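Student: Based on the provided sequences and hints, a complete structural model is requested.
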Amino acid sequence: MILYALVGMIIIYLLFIVFIKVRFNFWSKQPVFHLYNLYYWLWPCGVIQRELPPITKFYNRKILTNKFKDVSAEKKELFYTLIKSHFLNGRKEIYNPPKFAVLEYFKGHNKNSHLSLQFEKLPMTNKGFLSQKSSNKVISAMSSRPLTATFNNKEVLVNYVDFLCVHKKYRKGGLAQQIIYSHYYNARNDNAGPVFLFKREGVINFIVPLTVYTAHVFPLKYLKHPNLDLPNNIVCHLISDSNFSMFTHFFGEIKSKFKCCITPDQSHIKHLVSKKMLFICLIMEGQTPVGVYIYRTPFTKYDGKQSIECIASYYKLGYYDIFIKSFRNTIVLINQKYQIDILIMENISNNNDIINHLLKKSTVLWKCPMAYFLYNFAYKPFFSADVFLIN
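With the first letter of the sequence shown counted as 1, position 183 gets the number 297 in the working numbering; the numbers rise by one all the way through.
Since the hints were derived computationally from the structure, they do not count as laboratory data.
Quick caveat: nothing in here was measured; it's all calculated off a predicted structure.
C-beta: ideal position from N, C-alpha, C; glycine also.
Heads up, a few of these hints could be off.
Lysine to aspartate or glutamate pairs mimicking EDC-like chemistry, simulated, CA-CA at most 20 Å apart [said to hold, decoys possible]:
hint	residue 1	residue 2
1	K389	D276
2	K206	D455
3	K389	E423
4	K183	D276
5	K415	E315
6	K221	E207
7	K221	D455
8	K206	E423
9	K251	E315
10	K221	E191
11	K221	E188
12	K176	E188
The following label-pair restraints were derived from C-beta to C-beta distances [said to hold, decoys possible]:
hint	residue 1	residue 2	range
13	Q450	P333	10 to 20 Å
14	V317	G160	24 to 34 Å
15	E367	T195	38 to 48 Å
16	S359	L156	41 to 51 Å
17	K183	L431	40 to 50 Å
18	D184	Y434	43 to 53 Å
19	E367	Q163	34 to 44 Å
20	K313	K371	21 to 31 Å
Tutor: Written out as structure tokens, the structure is:
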């Protein structure tokens, strides 16, 4: 009986592997932590592919990869045009970033970012007739920028993948797989680190995630009034260029409290704050920081309503009530600088405490599963409450 059960389990396991290899053909061939890899569950190896990657059928020589600092202004303009028109827009959501909201993500780093573009030549017309000249159109793009990850006190440089985009007209043709692998191949051959980090929203695939969670979306109608029920020595500060050192001094403590901490250089965080692409609200008790909330401006409207994302938070032990009561004041401060109507709460770091509080006070507009997963790195997943991440 035990033998039959064991044979049955082996058959199911093998069928599961076959299903994944057929259903997710591209990802089954990539250096990632597959769900069925029992060895990595027992002995995660860290970097999977230490040598430079080989050329495979997913590599496209037409995809050009450069350090972002070396990309021409013309190509940056074409990249921005693709992202604005084809990156996110759906029936209910409209992603409408100004140019700086795309390009500024590549500034302020101490290491190189990379950008991959795939072009298609289009014939030009002159008074209705085809001319000998042609123009370039970007049909797919992908970028990566450097972050520093700390996994249980061990530091790893990772490249965060963003703006993975294929022109709507060219989707379902395998271009996404090609630009992912071509970017990985080209960037590594251009001295980028071997580890990449992806964020996935919606349906989760069969790769073991670094962490997985659900984002909750709330209306802000009843959160735009200040909460005055706080001690006089509790003050909420909106971090700017002039007081950024307050956050920097607190960051060491934040980092030490999470098993997984992934952030860019402080210089890049400061740059995003100066551009109002990140809002950092610091709660002070007198001269001592006791909590922090990190918000990102996604430049995305849902049914015409502007959104804000709370991507991370932290509070000192014993300051739960202060943390919850001060939350509403952070919304008030941000709304004075950037008009917002919808809050996207990612259930990560200490955000779960805020979500549980809001669920008692407000309705949820919708929920969305989210996950981060590592490419070319095998590590056991973390609970989202143990992850502090700014990207």
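Student: Determine for every hint whether it applies to the structure shown.
Tutor: Evaluated hints:
For the given pair, K389 sits about 19 Å from D276 by alpha-carbon distance, which is consistent with the 20 Å threshold. For the suggested pair K206 and D455, the alpha carbons sit about 15 Å apart, so the restraint of at most 20 Å is met. This hinted pair checks out: K389 and E423 have alpha carbons roughly 16 Å apart, not beyond 20 Å. Distance restraint check for K183 and D276: the Cα-Cα separation of roughly 16 Å lies within the 20 Å cut-off, and the hinted pair is therefore satisfied.
Proposed proximity of K415 and E315 is supported: the alpha carbons are some 17 Å apart, at most 20 Å. Distance hint between K221 and E207 is unfulfilled; the C-alpha atoms sit about 27 Å from each other, more than 20 Å. A C-alpha spacing of about 29 Å is found between K221 and D455, which places the hinted pair above 20 Å, so the restraint is violated. Distance check on the hinted pair: K206 and E423 sit about 17 Å apart at the alpha-carbon level, within 20 Å; holds.
The suggested pairing of K251 with E315 is violated, with an alpha-carbon distance near 27 Å, which exceeds 20 Å. About 16 Å separates the Cα atoms of K221 and E191, which keeps this hinted pair within 20 Å; it holds. Between the alpha carbons of K221 and E188 the distance comes to roughly 18 Å, so the proposed pair stays at or under 20 Å and holds. Straight-line distance between C-alpha atoms of K176 and E188 comes to about 18 Å, which keeps the hinted pair within the 20 Å bound.
Evaluation of the 10 to 20 Å hint for Q450 and P333 yields a pass: the beta carbon distance comes to about 18 Å. Distance hint check: the CB atoms of V317 and G160 are about 27 Å apart, consistent with the given range 24 to 34 Å. For the pair E367 and T195, the beta carbons lie near 42 Å from each other, so the given range of 38 to 48 Å is met. For the pair S359 and L156, the beta carbons lie near 44 Å from each other, so the given range of 41 to 51 Å is met.
Look at K183 against L431: about 42 Å separates their beta carbons, and that is inside 40 to 50 Å. At roughly 48 Å, the beta carbons of D184 and Y434 sit within the given window of 43 to 53 Å. Checked against the hint of 34 to 44 Å, the pair E367 and Q163 passes, with Cβ atoms roughly 35 Å apart. At roughly 22 Å, the beta-carbon separation of K313 and K371 lies within the given 21 to 31 Å, and the hint holds.
Hint compliance for this structure: hints 6, 7, 9 are broken, all remaining hints hold.
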